[in-house]
Amino acid sequence: MATLNAFFHTTLKEAERHYLNAVDQAAESARMRHLTPGAGQSMTYEAKHQEALAGGGPMIEAEAEALGVTTQDVIDSVLLARKQWQVLGAQIEASRLKAKKDIRGATTAAEMHRIASELQNQLML
Amino acid sequence: MRLAIYNKASGAITRVVECHESLAKMQASEGEAHVAASEDINDVTHYVALKGGGAVVAKRQSLNTHYALEGLKVIFRALPAGLTLSSQGGSIITDGYDVVEFDIPGTYEIKLFGLAGYLDETLEVTIGNP
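As they're listed, the protein sequences go chains W and U.
Just so you know, we're using the working numbering here: the first sequence kicks off at 649 and counts up by one.
Just so you know, we're using the working numbering here: the second sequence kicks off at 1063 and counts up by one.
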């Protein structure tokens, strides 16, 4: 058998960096399927959560008025969304960290690729 | 007359020349020989088959390449031995079971060449999920 190693990276460490980055990107893509991107939106999510914990606030009231629902409906919705996100976010983070640990322990680029691909498939579910 | 000048070892046509019959022998350099060539003969599509001491101009065959993808590997199970296979600046001589392994997904060019009896071929192969 004749084998040609047609590698893009000259060292395994460089390939490792590539796949660690791929894992971070896959995790971020998975998060963004559940969140609206943007720093302002992130602050809004957080402010609404704080208001929901406090039993109300200007953002909660504005949303209730905009949607034609009660303040309590919005509070319940915000707290439920946060709870669901915490579960999902924790799963994504655990998978990301596990994949990065495995990649650091891999001895070939092919193995790193398999780990990163498995993570991507897992996060697509 | 029209002559195909070929490499006596490989049968590869190195050039096609037009000259007077009396000058035919002078066209070939060391390691080369000549054979009469019709208008459709050229170095890309033809070669000289060397059989039983004779030299016959013949068409180069298609490699009819098949390969399998396995992770980051491209596997060729039936290439003729002795081809040069190159990609990403490296090359190997094929032996009939040949593997090209990449380290990241992508679309790559793989070139197959170097056997006079077979047409050169360039494959574009996409592996992984680029």
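Keep in mind that the hints were calculated from the coordinates and are not lab data.
Values in this document were obtained by computation on a predicted structure and should not be read as measured data.
Any given hint could be a false lead.
Stated by the list, open to error - Computed list of lysine to any residue pairs in SDA-like fashion (alpha-carbon distance at most 20 Å, straight line):
| no. | chain 1 | residue 1 | chain 2 | residue 2 |
| --- | --- | --- | --- | --- |
| 1 | U | K1135 | W | L660 |
| 2 | U | K1135 | W | R762 |
| 3 | W | K731 | W | Y693 |
| 4 | U | K1135 | W | E709 |
| 5 | U | K1135 | U | C1081 |
| 6 | U | K1173 | U | R1139 |
| 7 | W | K746 | W | M649 |
| 8 | U | K1135 | W | Y693 |
| 9 | U | K1135 | W | F655 |
| 10 | U | K1135 | W | A758 |
| 11 | W | K661 | U | E1163 |
Given hint W:L660 paired with U:K1135 - CA-CA distance at most 20 Å: holds, 17 Å
Given pair status - W:Y693, W:K731, alpha carbons within 20 Å: Roughly 13 Å between the alpha carbons, so the hint for W:K731 and W:Y693 holds.
Distance restraint between W:K661 and U:E1163, which requires alpha-carbon spacing of 20 Å or less: Measuring from Cα to Cα gives roughly 17 Å; hence the hint holds.
Satisfaction of hint between U:C1081 and U:K1135, Cα-Cα up to 20 Å: It is violated: about 50 Å lies between the C-alpha atoms, which goes past 20 Å.
Pair hint U:K1173 and U:R1139, alpha-carbon separation not exceeding 20 Å: holds, 16 Å
Hint consistency between U:K1135 and W:R762 [alpha-carbon to alpha-carbon, up to 20 Å]: With Cα atoms ~12 Å apart, U:K1135 and W:R762 stay inside 20 Å; holds.
Hint consistency between U:K1135 and W:A758 [alpha-carbon to alpha-carbon, up to 20 Å]: holds, 8 Å
Pairwise hint evaluation, W:E709 against U:K1135, where the allowed Cα distance is 20 Å at most: It is violated: about 58 Å lies between the C-alpha atoms, which goes past 20 Å.
Holds or violated: W:K746 to W:M649, with C-alpha atoms at most 20 Å apart: Violated: W:K746 and W:M649 sit about 35 Å apart, past 20 Å.
Restraint check for U:K1135 with W:Y693, where alpha carbons must lie at most 20 Å apart: Violated. U:K1135 to W:Y693 sits at ~45 Å, over the 20 Å cutoff.
Restraint check for U:K1135 with W:F655, where alpha carbons must lie at most 20 Å apart: Given pair U:K1135, W:F655 holds - Cα atoms ~11 Å apart, limit 20 Å.
Violation of the numbered hints given earlier is confined to hints 4, 5, 7 and 8; the remaining hints are satisfied by the structure.
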